[in-house]
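Undergrad: Listed below, chain by chain, are the residues.
Number of protein chains: 2
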Amino acid sequence: MRTLCHDLSASTPGAEVTLEGWVHRRRELARITFLVLRDRSGLAQVVLPAGADVPPEETTVRVSGTATANAQAPGGVELTDAVVELLTEPAATPPAELWRPRLDVSLPTLLDHAPVLWRHPAQRARWQLAAASLRGFRSTLDEMGFTEVATPKLVETATESGANVFTVDYFGRPAYLAQSPQFHKQQLVGVFERVYEVGPVFRAEPHDTVRHLAEYRSLDVELGFIEDHRDVLAVLRDVLAGMVAAVASRPEAVERTGARLPVVPEQIPVIHFADALALVGAPADEPDLAPEHERALGEWALAEHGSDFLAVEGYPMAKRPFYTHPQPGDARWSNSFDLLFRGLELVTGGQRLHRAPDYDAAIRARGEDPAAYDSYLQAFRHGMPPHGGFAIGLERWVARLVEAANVREVTLFPRDLHRLAP
Amino acid sequence: MRTLCHDLSASTPGAEVTLEGWVHRRRELARITFLVLRDRSGLAQVVLPAGADVPPEETTVRVSGTATANAQAPGGVELTDAVVELLTEPAATPPAELWRPRLDVSLPTLLDHAPVLWRHPAQRARWQLAAASLRGFRSTLDEMGFTEVATPKLVETATESGANVFTVDYFGRPAYLAQSPQFHKQQLVGVFERVYEVGPVFRAEPHDTVRHLAEYRSLDVELGFIEDHRDVLAVLRDVLAGMVAAVASRPEAVERTGARLPVVPEQIPVIHFADALALVGAPADEPDLAPEHERALGEWALAEHGSDFLAVEGYPMAKRPFYTHPQPGDARWSNSFDLLFRGLELVTGGQRLHRAPDYDAAIRARGEDPAAYDSYLQAFRHGMPPHGGFAIGLERWVARLVEAANVREVTLFPRDLHRLAP
Numbered sequence: 001m002r003t004l005c006h007d008l009s010a011s012t013p014g015a016e017v018t019l020e021g022w023v024h025r026r027r028e029l030a031r032i033t034f035l036v037l038r039d040r041s042g043l044a045q046v047v048l049p050a051g052a053d054v055p056p057e058e059t060t061v062r063v064s065g066t067a068t069a070n071a072q073a074p075g076g077v078e079l080t081d082a083v084v085e086l087l088t089e090p091a092a093t094p095p096a097e098l099w100r101p102r103l104d105v106s107l108p109t110l111l112d113h114a115p116v117l118w119r120h121p122a123q124r125a126r127w128q129l130a131a132a133s134l135r136g137f138r139s140t141l142d143e144m145g146f147t148e149v150a151t152p153k154l155v156e157t158a159t160e161s162g163a164n165v166f167t168v169d170y171f172g173r174p175a176y177l178a179q180s181p182q183f184h185k186q187q188l189v190g191v192f193e194r195v196y197e198v199g200p201v202f203r204a205e206p207h208d209t210v211r212h213l214a215e216y217r218s219l220d221v222e223l224g225f226i227e228d229h230r231d232v233l234a235v236l237r238d239v240l241a242g243m244v245a246a247v248a249s250r251p252e253a254v255e256r257t258g259a260r261l262p263v264v265p266e267q268i269p270v271i272h273f274a275d276a277l278a279l280v281g282a283p284a285d286e287p288d289l290a291p292e293h294e295r296a297l298g299e300w301a302l303a304e305h306g307s308d309f310l311a312v313e314g315y316p317m318a319k320r321p322f323y324t325h326p327q328p329g330d331a332r333w334s335n336s337f338d339l340l341f342r343g344l345e346l347v348t349g350g351q352r353l354h355r356a357p358d359y360d361a362a363i364r365a366r367g368e369d370p371a372a373y374d375s376y377l378q379a380f381r382h383g384m385p386p387h388g389g390f391a392i393g394l395e396r397w398v399a400r401l402v403e404a405a406n407v408r409e410v411t412l413f414p415r416d417l418h419r420l421a422p
Numbered sequence: 001m002r003t004l005c006h007d008l009s010a011s012t013p014g015a016e017v018t019l020e021g022w023v024h025r026r027r028e029l030a031r032i033t034f035l036v037l038r039d040r041s042g043l044a045q046v047v048l049p050a051g052a053d054v055p056p057e058e059t060t061v062r063v064s065g066t067a068t069a070n071a072q073a074p075g076g077v078e079l080t081d082a083v084v085e086l087l088t089e090p091a092a093t094p095p096a097e098l099w100r101p102r103l104d105v106s107l108p109t110l111l112d113h114a115p116v117l118w119r120h121p122a123q124r125a126r127w128q129l130a131a132a133s134l135r136g137f138r139s140t141l142d143e144m145g146f147t148e149v150a151t152p153k154l155v156e157t158a159t160e161s162g163a164n165v166f167t168v169d170y171f172g173r174p175a176y177l178a179q180s181p182q183f184h185k186q187q188l189v190g191v192f193e194r195v196y197e198v199g200p201v202f203r204a205e206p207h208d209t210v211r212h213l214a215e216y217r218s219l220d221v222e223l224g225f226i227e228d229h230r231d232v233l234a235v236l237r238d239v240l241a242g243m244v245a246a247v248a249s250r251p252e253a254v255e256r257t258g259a260r261l262p263v264v265p266e267q268i269p270v271i272h273f274a275d276a277l278a279l280v281g282a283p284a285d286e287p288d289l290a291p292e293h294e295r296a297l298g299e300w301a302l303a304e305h306g307s308d309f310l311a312v313e314g315y316p317m318a319k320r321p322f323y324t325h326p327q328p329g330d331a332r333w334s335n336s337f338d339l340l341f342r343g344l345e346l347v348t349g350g351q352r353l354h355r356a357p358d359y360d361a362a363i364r365a366r367g368e369d370p371a372a373y374d375s376y377l378q379a380f381r382h383g384m385p386p387h388g389g390f391a392i393g394l395e396r397w398v399a400r401l402v403e404a405a406n407v408r409e410v411t412l413f414p415r416d417l418h419r420l421a422p
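Here the protein sequences come in this chain order: A and B. For what it's worth, the UniProt record's numbering labels the leading residue of the first sequence as 1, then goes sequentially. For what it's worth, the UniProt record's numbering labels the leading residue of the second sequence as 1, then goes sequentially.
Source of the hints: derived by calculation from the structure; they are not laboratory data. Careful: at least some of the hints might be erroneous.
[What the hints assert, rightly or not] According to the in silico footprint, chain B covers these stretches of chain A (three or more CB under 8 angstroms from chain B):
#1 180–193
#2 208–222
#3 234–242
#4 309–321
#5 382–396
Quick reminder that beta carbons are idealized off the backbone N, C-alpha and C, glycines included.
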């Protein structure tokens, strides 16, 4: 019967215990040899005689011995009189010393050796924050009557434009990798009213930046019977609070990563795009916020509202996709928003058009033919409610939590212009 | 303040109530008009005067009125003195009458009009079983110390063979769509020991069958520090029990679909492949089970063990992928299994190789060069535990539960040789 490292501290002193895991570190002292074992739960210390034959770091082993109290050992209990059994051949030397407190390697080394370097406890904890976030995302939405859906990643037409789309050879004809589940999640509002999906999205980003990936995890939400985009923002607020609570329930991972958890305010402060431009001193006809504007707005939100989050609503219609709902009374602006988290864009959301004639007009206004969108538009011809939604990028979220300089540092196996392996 | 149809029965008689949803059905009688409203929670009856102007079926509306007890109405309460407000233009006539108890359409009609026909309550309930299954899958594994992971769908090499793989134009060079997360989930056993993923997998299936899709949802599990494939089967047993329990917690969806829920036995019965061949009277050198053999085995499991499930272990190594662990003592057979559910293959699983030299030998034995698998094999050179796992096809699972003749009937937007829309 195997005991996890984490549970060793609860073992009765003197009990015979078997641990299994990786040799995290060996330390030969003059009169004693330490083997630190790592498993999914944590670390444990094993005491062996001086000169004992300890396999190299990362070898998988089974260790049987006696649980013995020692205030110096992790958890206050170590294994003595231990027998070490190898589960494979001795492991090759890892590309970095995984037992050191920090993984001090260059980004290319980290990514080339991801299968091994993700084993470092501080690196592994980063993904544990991602996994906890997913749990919090889903449980919050399940409570609110949302249905999880699965939409196709192979699609006939590019979602929003022909740019940045990957082409697939689909039984001899072209297909595309979905850039977002936008069209399908809207159609499914017609079925379930409230839907969410966690899945990969694909962007053929031709630029090398610290924030973009060719494939990332999108946390997508869409809901019907709303008044306007403010109802969408209220759901986003609760989702973020649920994600933060789930992350906080993994205190050991939070500590390992040094993540700084935000407080999600009861109401996320909102500023209109036009006011945001004025606030940062940008010309009133700017169509978008520059990164330095987003940073300044983040600082303002923290100083003025004590909030790590700020929603900028009303983005110019000209810069939003065709399905965006205009702001009633002033169609220069839209009922959409970006959510800034610590001065960086984390979420895009808003209200969508819901009337079939509005879709026809919006598509024609972009010089396209509604017939090309026929399978999407059938949902609207057969009755759709006012609706909206948002999408959170999982990797960006975790990168902000742990203040990673590059989104690749928190992505298990990133894909970009240059990287297709491991 | 909106009330859901399902909650109308709890309204105080005489209370003013507002419902929102779709016009599910209108019925004009001589002295009265009925409007049946549908929302995500169910149906409600609205009473209007004879000759009232009721919008056509599927139009979205807001209805305000007085909650009034009526034993004939769904839930025992209906809305009287009602005012109906349209939320869009009147809806176009749907491709089938969604208010009829059964959706009596051909498969092509069902698939061409999926965005509208999924609204039918009995059809919608099928996907609700899928969503519940996902919840049960994840919660069971979360309890058992598994970590959810996200592996790339864009990969450099085909997972198991060059056959049935989709090619992507990846910034001017070829990439492939992952046929399974197999390689990456194994690597991540090295990090988290126990991992799962729910995600799309892609198979360029050149054949039109009732069981195959070009894109489907795979529920993948992999765990380390096992004795052999029987430990994997034990986890699979608990996962299936968790999925059935989650489905059972949606009794209204179970009833709507007529799903027949299996009892998951404490131990799933196991038969060796060689014994299975003998049992069905097949030649002892058959390399695989034919569909009629699987059916016969399913009947045998039910008659002999009272079980809807049967694990067939020991499949010939020659028919299994290179990473399969052979059966100790007789390398003709493997430590792998297929799980039959009611006589159809639902799950494939087993123990994998875990020693680096075994991988080199297995890959060379297939006439390939281990160097081509370098990024995958680095995990094994740096220490991996004995491990194994399995994959469940979500759509096949739901199809078996509701006894759908074709897996496409339970897939939101199926993709196959001929179909890339809606």
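Undergrad: If any of the earlier hints don't hold here, list their numbers in rising order.
TA: 3 and 4
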